[in-house]
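Trainee: As a plain string of letters, each chain reads:
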Amino acid sequence: MKLSAIASILECEYDFKDIEINGMNALQDAEVNEVSFVANSKYIKDIQTTKAGAVIVPASLVEHIPNNCVALVVEDSYWSMAILSKYFAPPIENEELPGALIGEGSKISSKAEIANGSRIGKNCTILAHVYIGCEAVIGNNTIIYPNVTVYRDCHIGSDCIIHSNTAIGADGFGFATSAQGEHKKIYQNGNVVIGDDVEIGSNVSVDRAVFGSTRINKGVRIDNLVQIGHNCEIGEYSVFVAQSGSAGSTKLGRNVVVGGQSAFAGHLEIAPFSTFAARSGITKNITKSGLTFSGFPLMEHKLWLKLQVKIARLLK
Amino acid sequence: MKLSAIASILECEYDFKDIEINGMNALQDAEVNEVSFVANSKYIKDIQTTKAGAVIVPASLVEHIPNNCVALVVEDSYWSMAILSKYFAPPIENEELPGALIGEGSKISSKAEIANGSRIGKNCTILAHVYIGCEAVIGNNTIIYPNVTVYRDCHIGSDCIIHSNTAIGADGFGFATSAQGEHKKIYQNGNVVIGDDVEIGSNVSVDRAVFGSTRINKGVRIDNLVQIGHNCEIGEYSVFVAQSGSAGSTKLGRNVVVGGQSAFAGHLEIAPFSTFAARSGITKNITKSGLTFSGFPLMEHKLWLKLQVKIARLLK
Amino acid sequence: MKLSAIASILECEYDFKDIEINGMNALQDAEVNEVSFVANSKYIKDIQTTKAGAVIVPASLVEHIPNNCVALVVEDSYWSMAILSKYFAPPIENEELPGALIGEGSKISSKAEIANGSRIGKNCTILAHVYIGCEAVIGNNTIIYPNVTVYRDCHIGSDCIIHSNTAIGADGFGFATSAQGEHKKIYQNGNVVIGDDVEIGSNVSVDRAVFGSTRINKGVRIDNLVQIGHNCEIGEYSVFVAQSGSAGSTKLGRNVVVGGQSAFAGHLEIAPFSTFAARSGITKNITKSGLTFSGFPLMEHKLWLKLQVKIARLLK
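Chains as they are written, first to last, in our numbering: chain A, 407 to 722; chain B, 407 to 722; chain C, 407 to 722.
Do not take every clue at face value.
For identical chains, the list gives no copy identity; a pair is met inside one copy or between any two copies.
[Said to hold, decoys possible] In the BS3-like style, the derived pairs of lysine-lysine whose C-alpha atoms are separated by at most 30 Å in a straight line are:
| hint | residue 1 | residue 2 |
| --- | --- | --- |
| 1 | LYS657 | LYS591 |
| 2 | LYS528 | LYS591 |
| 3 | LYS591 | LYS448 |
| 4 | LYS690 | LYS712 |
| 5 | LYS513 | LYS722 |
| 6 | LYS716 | LYS423 |
| 7 | LYS690 | LYS448 |
| 8 | LYS716 | LYS690 |
Hints were generated in silico from the structure; no laboratory data involved.
Make the full structure from the sequences, and use the hints.
Mentor: Written out as structure tokens, the structure reads:
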């Protein structure tokens with residue numbers, strides 16, 4: 407898509423040399439043929455160092471745009487980004503893609519739907535009513551139980567087990583909201599990448615990234631009814647117990663243990679080997695590894711135990 | 407169904423002029439050809455003004471029944487209502503209905519099941535393993551991802567997106583319990599009505615109403631793993647973050663924001679533009695709009711922040 | 407499988423009379439032709455009384471193994487048990503089994519998958535995109551809504567209703583973890599047994615047992631998005647409100663009421679007729695029946711109400 411066409415969609419002034427743009431991305435990840443956006447002065451540093459070919463930007467931040475980058479000046483850059491995201495959304499299915507490639511020894515139920523353009527490895531078992539979207543990739547020896555949905559473009563490693571009624575790669579929860587309170591969808595054009603030896607329970611939701619990938623790394627264990635928001639990264643061998651979850655863009659180190667019904671706010675960084683007791687509510691970064699936490703607000707587990715004794719004393 | 411037949415099912419005395427009854431409804435919504443019920447003296451005012459043709463009532467409340475309404479006097483009116491509800495439950499599927507009507511430009515997977523008597527608008531995309539129940543109605547341009555179930559009689563508007571493994575219109579959680587602790591199902595003969603431009607995430611449960619409709623109004627955004635109980639009404643442009651929920655019959659104004667893992671008790675009224683932080687527990691009506699709340703018990707967010715400081719001081 | 411082969415898999419010394427072993431089981435449930443394991447000195451009593459033909463045991467506990475039982479001495483008995491569990495896992499499907507038996511009057515959608523070796527009773531309704539695994543057994547008059555998965559070997563009683571997108575019998579959340587933090591799956595070779603007159607909502611996860619059965623007894627009512635861990639037993643007529651759950655091996659008496667978003671820790675015993683308010687966190691046994699509880703930490707509901715008043719006073 408031409409940058410001039412984008413300027414026209416966003417109703418921006420157009421007085422720059424035209425280039426081809428083939429995607430949208432975050433400031434720090436964007437390449438020269440991508441367009442990015444900024445809505446908040448918190449990210450001034452990221453504007454200054456971006457490699458994006460163009461940035462959607464409000465007038466108040468335009469001075470920070472680097473010389474080699476086109477500023478697309480709009481009133482509400484988040485709303486404009488939402489409008490533009492639709493133009494980069496690929497079709498849900500694409501009949502022109504070649505038929506799915508199925509590896510040797512894989513058993514695919516005749517009642518599964520394997521979309522064109524997908525690739526399944528060797529010795530997989532794909533049961534009835536599974537949906538594998540177009541251009542999805544599944545490794546070897548992976549078992550996918552009935553009624554699982556793997557959305558387009560998502561990758562699942564080898565030796566994985568995905569239990570029934572789980573959704574891998576549904577859209578992340580992203581929208582812009584106008585001053586009048588109306589919402590505009592931000593198309594989630596990223597994907598989900600799941601490493602090898604991962605087991606995911608039933609009725610789990612792992613959302614696709616808005617840009618880039620939501621990542622579930624090697625050896626992770628996810629129990630039932632867990633929510634993994636868009637653009638999270640779950641470190642190797644981490645464990646999510648049932649009904650826990652994470653908002654978007656939170657990154658966990660390896661071997662983090664997340665107790666039942668616990669939840670992370672978005673955009674956090676969690677040190678490896680952290681343990682969270684059941685129903686923890688984590689709203690801040692954890693920088694020191696190997697500790698155990700509880701409660702909401704969160705505190706070290708031993709402090710939480712003490713605090714409960716103090717609170718119980720209020721009754722006396 | 408004749409009122410005399412109903413009296414016979416409920417083992418009531420029968421000494422009134424017979425009429426045709428074609429449904430059950432709440433006291434305040436019932437019409438002359440419907441039967442209602444009352445189990446609790448809280449609702450005396452609603453008895454006095456009901457237009458129902460007949461009311462199932464315990465002897466202790468029979469004096470409040472208006473003159474033009476037949477009293478069906480029973481021992482346990484809630485239990486009797488549960489018994490009767492089964493007789494008004496339509497069949498799950500009905501092969502005698504005409505084949506589904508599919509609008510121009512809609513793509514329906516051959517692996518979807520579109521029951522007889524349903525109607526799908528124009529330019530919809532219905533993916534594999536979707537189930538659309540009989541007499542369900544879908545608007546135009548709506549996308550329904552794999553493994554979604556839309557139960558019979560439910561309506562979904564135009565320009566909606568329903569993500570995988572979501573259930574629209576399963577039975578609300580309703581039953582009567584005997585003195586011995588046994589449960590009797592209350593058949594949920596209402597439906598779900600979803601407005602235009604609604605997006606619902608994966609693994610969401612929106613229950614059908616016992617009578618009337620559960621309503622998700624225009625522009626609402628629902629994240630993954632959310633529970634919407636029977637007979638709720640979710641106001642325009644409201645937002646439910648992942649793993650939140652509402653018990654039955656709660657009504658939200660427009661642009662209410664419900665944080666992750668928050669929940670509403672049943673039968674509440676929530677003012678528009680209310681915001682609830684993650685894990686709020688809302689058990690009372692909110693009458694003033696535009697405020698932000700936290701905690702369980704719920705309080706204004708700024709108070710909750712203060713309180714956490716006070717609680718932390720107990721440790722000193 | 408020969409015990410000598412098991413010793414070889416686990417790299418144990420082999421100096422005993424060989425016997426045929428046909429399964430794994432818990433110490434207290436194992437029969438003479440089964441192998442069990444122990445990892446913890448808490449269970450010394452259970453070792454001494456086990457009827458197991460062999461027990462996987464660390465050197466530190468080998469002295470407690472009874473005379474008629476073979477000790478399979480390993481370094482990490484939990485890890486070894488995980489390794490062995492895979493050898494007793496039956497195939498997911500088995501085409502050599504006879505075709506499913508369908509009782510008179512049952513309506514099975516042509517888009518449902520009913521695996522070989524399963525048995526469906528009379529007058530059942532099985533809708534599209536349902537999966538009934540091999541050797542599963544369904545009673546009479548049971549309704550299974552679209553996109554439900556019933557895994558192999560699971561039993562569902564008569565007069566049950568299972569709502570859409572629910573998973574019955576997915577693997578319990580079981581694995582051993584090495585000192586390096588790697589996980590090894592413990593194959594869940596038990597099943598789920600659901601009694602008569604049970605209703606289960608949409609998007610529910612009921613996990614199969616590691617050994618033996620997860621049991622949902624007669625008359626239970628389970629709302630949407632509920633988690634029932636492996637080896638739980640839910641007493642007759644108990645009620646789980648939406649988004650509540652239980653970790654593994656917890657046993658509830660009859661008519662326990664579990665409020666929305668409440669959860670039980672594992673391995674608890676809960677007295678009959680207990681009631682838990684919404685969002686209760688239950689981490690200890692409840693021995694006295696008929697009481698109402700709230701909070702996390704849990705306390706009697708009337709105490710919890712008092713405590714909230716005291717806590718609110720901190721703000722003054």
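Trainee: Confirm or reject each hint.
Mentor: Outcome of the hint check:
no.: 1; hint: LYS657 with LYS591; verdict: both (24 Å within a copy, 25 Å between copies)
no.: 2; hint: LYS528 with LYS591; verdict: between (38 Å within a copy, 21 Å between copies)
no.: 3; hint: LYS591 with LYS448; verdict: within (23 Å within a copy, 44 Å between copies)
no.: 4; hint: LYS690 with LYS712; verdict: both (21 Å within a copy, 18 Å between copies)
no.: 5; hint: LYS513 with LYS722; verdict: neither (65 Å within a copy, 62 Å between copies)
no.: 6; hint: LYS716 with LYS423; verdict: neither (67 Å within a copy, 60 Å between copies)
no.: 7; hint: LYS690 with LYS448; verdict: within (17 Å within a copy, 37 Å between copies)
no.: 8; hint: LYS716 with LYS690; verdict: both (24 Å within a copy, 20 Å between copies)
Hints 5, 6, counting from the list given before, are not met by this structure.
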